[in-house]
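Take the sequences, apply the hints, and build the full model.
Letter by letter, the chains look like this.
There are 4 protein chains.
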Amino acid sequence: MMIVMQSDATQEQISAVVSRVEANGLKVHLSRGAERTVIGIVGDIRVVQPDQFNHMPGIAQITPISRPYKLASREFISEDTHFTINGLPVGGSSVVVVAGPCSVEDRTQLLETAHAVREAGGHALRGGAFKPRTSPYAFQGLGEYGLELLAEAREQTGLSIVTEVMSVDQIPVVMQYADVMQIGARNMQNYSLLHAVGESQYPVLLKRGMSATIQELLMAAEYVLSHGNRRVMLCERGIRTFETATRNTTDINAVPVLKSLTHLPVILDPSHSTGHWAYVTAIARAGIAAGADGLIVEVHTHPEAAMSDGGQSLKPERFAELVRQVGAVAAAVNRELAPQPALPAGVPG
Amino acid sequence: MMIVMQSDATQEQISAVVSRVEANGLKVHLSRGAERTVIGIVGDIRVVQPDQFNHMPGIAQITPISRPYKLASREFISEDTHFTINGLPVGGSSVVVVAGPCSVEDRTQLLETAHAVREAGGHALRGGAFKPRTSPYAFQGLGEYGLELLAEAREQTGLSIVTEVMSVDQIPVVMQYADVMQIGARNMQNYSLLHAVGESQYPVLLKRGMSATIQELLMAAEYVLSHGNRRVMLCERGIRTFETATRNTTDINAVPVLKSLTHLPVILDPSHSTGHWAYVTAIARAGIAAGADGLIVEVHTHPEAAMSDGGQSLKPERFAELVRQVGAVAAAVNRELAPQPALPAGVPG
Amino acid sequence: MMIVMQSDATQEQISAVVSRVEANGLKVHLSRGAERTVIGIVGDIRVVQPDQFNHMPGIAQITPISRPYKLASREFISEDTHFTINGLPVGGSSVVVVAGPCSVEDRTQLLETAHAVREAGGHALRGGAFKPRTSPYAFQGLGEYGLELLAEAREQTGLSIVTEVMSVDQIPVVMQYADVMQIGARNMQNYSLLHAVGESQYPVLLKRGMSATIQELLMAAEYVLSHGNRRVMLCERGIRTFETATRNTTDINAVPVLKSLTHLPVILDPSHSTGHWAYVTAIARAGIAAGADGLIVEVHTHPEAAMSDGGQSLKPERFAELVRQVGAVAAAVNRELAPQPALPAGVPG
Amino acid sequence: MMIVMQSDATQEQISAVVSRVEANGLKVHLSRGAERTVIGIVGDIRVVQPDQFNHMPGIAQITPISRPYKLASREFISEDTHFTINGLPVGGSSVVVVAGPCSVEDRTQLLETAHAVREAGGHALRGGAFKPRTSPYAFQGLGEYGLELLAEAREQTGLSIVTEVMSVDQIPVVMQYADVMQIGARNMQNYSLLHAVGESQYPVLLKRGMSATIQELLMAAEYVLSHGNRRVMLCERGIRTFETATRNTTDINAVPVLKSLTHLPVILDPSHSTGHWAYVTAIARAGIAAGADGLIVEVHTHPEAAMSDGGQSLKPERFAELVRQVGAVAAAVNRELAPQPALPAGVPG
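Respectively, the protein sequence lines represent chains A, B, C and D. To convert a position in the first sequence, counted from 1, into this note's numbering, add 1438. To convert a position in the second sequence, counted from 1, into this note's numbering, add 1438. To convert a position in the third sequence, counted from 1, into this note's numbering, add 1438. To convert a position in the fourth sequence, counted from 1, into this note's numbering, add 1438.
Hints in this document: simulated from the structure, not taken from any laboratory. You can trust all of the hints, since none of them are fake.
Result set (DSSO-like, lysine-lysine): computed pairs, CA atoms no more than 30 Å apart in a straight line:
| hint | chain 1 | residue 1 | chain 2 | residue 2 |
| --- | --- | --- | --- | --- |
| 1 | B | K1465 | A | K1753 |
| 2 | D | K1465 | B | K1465 |
| 3 | D | K1697 | A | K1753 |
| 4 | B | K1697 | C | K1697 |
| 5 | B | K1697 | B | K1508 |
| 6 | C | K1465 | D | K1753 |
| 7 | A | K1508 | A | K1465 |
Simulated restraints, written as ranges between beta carbons of each label pair:
| hint | chain 1 | residue 1 | chain 2 | residue 2 | range |
| --- | --- | --- | --- | --- | --- |
| 8 | A | A1743 | B | H1520 | 40 to 46 Å |
| 9 | C | M1613 | B | S1573 | 54 to 60 Å |
| 10 | B | G1666 | A | I1515 | 47 to 53 Å |
| 11 | B | R1512 | C | Q1639 | 49 to 55 Å |
| 12 | D | H1520 | A | H1553 | 39 to 45 Å |
With the C-beta cut set under 10 Å, the calculated list includes, among others, these residues of chain D facing chain B:
| hint | residue |
| --- | --- |
| 13 | Q1444 |
| 14 | G1478 |
| 15 | S1649 |
Note that the coordinates shown come from a computational prediction; the quantities given were computed from them, not determined experimentally. By construction, the Cβ of each residue, glycine as well, lies at the ideal position given by its N, Cα and C atoms.
As structure tokens, then:
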């Protein structure tokens, strides 16, 4: 931490700041400039709060220096993290595509969509059984029955299951059926949930909050990692800005920034980050071109009848075209689509 | 809902949209303009999803018309909602001031601060026992022991207790000790929590998420109201913008906008909405001038030693000056500070 | 400026940074921490560009320290700047209210509005003769004829004239008729215009750009001040955020922040900062409560027929009520409305 | 335009709105719903101002329907606009790369950079002779001498020249030397400048303002187009958001959105949209993958010594790698880099 004194700070004010720093067991380095004195604080700054100094007279500016996250940082782990989910490699040289409906609505819809995702080249199936909805009057998901349908879809297609967990008490049942627990954007700073998911040791897809900074996303990941759960994927899903032409603004910069700051895999969700199916494929291509390790895409066999987010869902044939185009872009950046999972025994290819 | 067709939409495209609307059991009104045809949808639009139409060819724009919240709206309840908390009137002509430390840190700190709040003219005591913290390594609150200290402070000062509840499982213990449950900004769209708090029938202070729209805040309130819990206060606590001179941007416009859209009481939190003690009093005055029904302010007897948010906490003497100035502004807008609660029996004034 | 080295920076990398700093004729102070080395740069940092160092290996973070503006800063001039415009005091203990139509539309409209502003208690008249419009097809203002009408209104009412100047070539004609040149939000970083207005030595009302930071506003003021023109008023007129319930978000925090960083007078424009007449009076009160030195308000005798911004204009009777309420709030914060200018000789009061 | 009445609007209020619409010579279509009445306005809505109705009692919401731009729209011109600049094709199937220093600093720097851009595969040379700078104390550009150097660079390399014009009086001299006039982000709504550039009939690169909506960018283009100047390129250069990890947020969504709304070519500026050289190549790839028609990139032979924006400038060898990678991505989306311009006669290849 650096504390910059005002140009007219007195010697007493400077000494008072130095004393407080030393009272925390830390050392200072004083730098007296032509205009200002700067007090550098040496040691583990996690033991002091920058806020402590706000009330002291004579201070112009307080600047933290060390990053507040550790386990998530490239400085701590320089190699890319990669792991497998039911054999599907995540975070290495290959690119994964997770796809499926926003909500699990009924058996026919889900199984049809799952087969379509498999045939189009997808690697895992997404689908919400517990749905966070802005309105209390909107469809809230099928709950455990939705999870059962997802598990049935995995049996038929071999696709791993990614589904959202909204509260601590849902974790056991979600673990019983799914392969990856998704933390939704609205829960990125639900610390009770992050703790519990960290303890679960289950793979996590952590979505960035719609107005969370990249640093806050990494701090949320740090919560999960701090419990020893290392299988964390970060997901950029668009941020909230003044622009209203799209539902959110895809923060494509976040892809190379995250790849530089952290070793964790980065997934892009072009469906939520644009909010309109017509832009999904272009942004999916952009995400892979920017260096993302995968995509999560909304697909629905009948988007016009979807109970949620139909407007941003792709029909299966458009999704197949997305996979094809994304594969071409992946090759242009020296990557390739991951191999699809093996079909379950007894299922005809 | 209005569906605006593209200028070159065909008759078939128009008919297809009309058919889909009617399939939902609704009626349409067609308006054929010089440039475009507009399809008005008549009936309860909550039964259709605007998203349903995104995939239909020939559509230029879809505009919802009815507001998606009902119980929270002025159209539904035109009179201001007011209620009492342990005798303290909220939402009427008087103005309430809630104050206290960010976190309950220890017995001495809390009781000293509570007495200082009482002496300065405050009406209720805030203090966090369960703390949502960006970093997993930061102080997370004293938990139930913190709640016990808050209850002891109430016994000594007569101040009602406002404290945050972060997860469903904390609700019973918080209800045992506190008078108002605060939903923090990061949990404004934690729907599991909103449901449970709604069912609790306990008074709620609902903070706006840092990037939640005013409409989303009202939708979150609707979750609580839909369980029959009508004692809801809305709290503007600053939104996230590009400006970095302050921690957040106080959306002062939200005060008159909320007063116009809803009957619920509106509270301003100038401590979080500015992030720096030096600006808190000016913004507190502004909030009351704009029509807010109350304030929630961070006060700490030793802010420089606070374990969280010390930089935005007022010392007791500055808080007393805030109460004095806010009282003068309240009078200028034909309101007055609420009477302080009676001292508990046996406590010397 | 502080340069923070990465935790694994080599001694060669540190030495290279030090050499570059010294090559600029500046001195360094080295601070070696447990985790990182920090290089403090001593001297006038305006001679070095932080960008110079971005390419050097081993650097983690670069932090400027000195503020980039000088003449506008409280550190340079600690006393509030105040001056008079045709006898009207600006920036002292009293509060000024500028009001009038968005655009000068015709003689009747302008003169009626000017008299209404005068009668309601206003101090100066605003009105646009040159209008920046988003659409090339919208009304672009009456030009010099509009300025003539403004001058006629001054003759009849004694109100000083504030009007926008959009380009360098308009400056001479505007100076011929008006008392204060307004730089609009869209031109806040039109440096050619800022230079020319600075050289004019004419009073300036400088509006904050809709996404300009407070620091950028002060830098724009510095452009004007650097030509020796000290009569600059800063105007907060709302910033662009994600919230769409209002046209802009009033950055009420900017009022106390500006009063702390600069000695220049601060004016609030609640008409643009809300975009809807129904919220203007509440936000005008809030601005004065927060410490603003004045207001600029849109008033129109027939807002429903206005050629621009009618929706945010107040009718004269509502404006009179605004002045009354603002006067009460001003008194509550120990200020008062400025005295109205004397009526011109020969004009019956 | 659609006017939605409040649920409790009276018949008189509805009739009053209808009368006002008809007074503008337009027709209405009334749609009476279960909850509300909606008044559709038929005819050229550019003759009425939505603001006109804001003051009328009983109105809940006003929604414009027609787009406010025409010449820029795909509805008006469905085919992609393409044109050539000194033989360089813009806006067709090929992709162009404009590159060069932020500022023209001296003859050696510029000519070295120009040759490096040519050798790396660039198509045109950018470089500022007139520089908009946040600080009045910063380097403001070489002016006409800078333009002379740019023209000399064109003679030596065959690269067309793109340079910024900041004010109307600079247009003639810029036209004398350059091939494309750039309107900078800060001047996107400098309407005097847009008019004059429109009248010049000179090719224009129009940068999006840092907080301009996509619609406002198209309205700014409409200003230029309305003077018959059709050679307009739109440039996404990042928008201002809450995220501070990068200088701006690349609005990658804007690429497919613009390609859908307008026929004009779309260029991406990854240097300004990220603000750091380390992210430029990844975002350049993303831009082409998303469908952009070209790039404008900052390149400097000695970025660490650049007088402006050195931190986001690429060294020539990194730029050459960018061109190579962008070429691979272009091929993956069925496009190719434009052929480089012929070398001037007498210049050895």
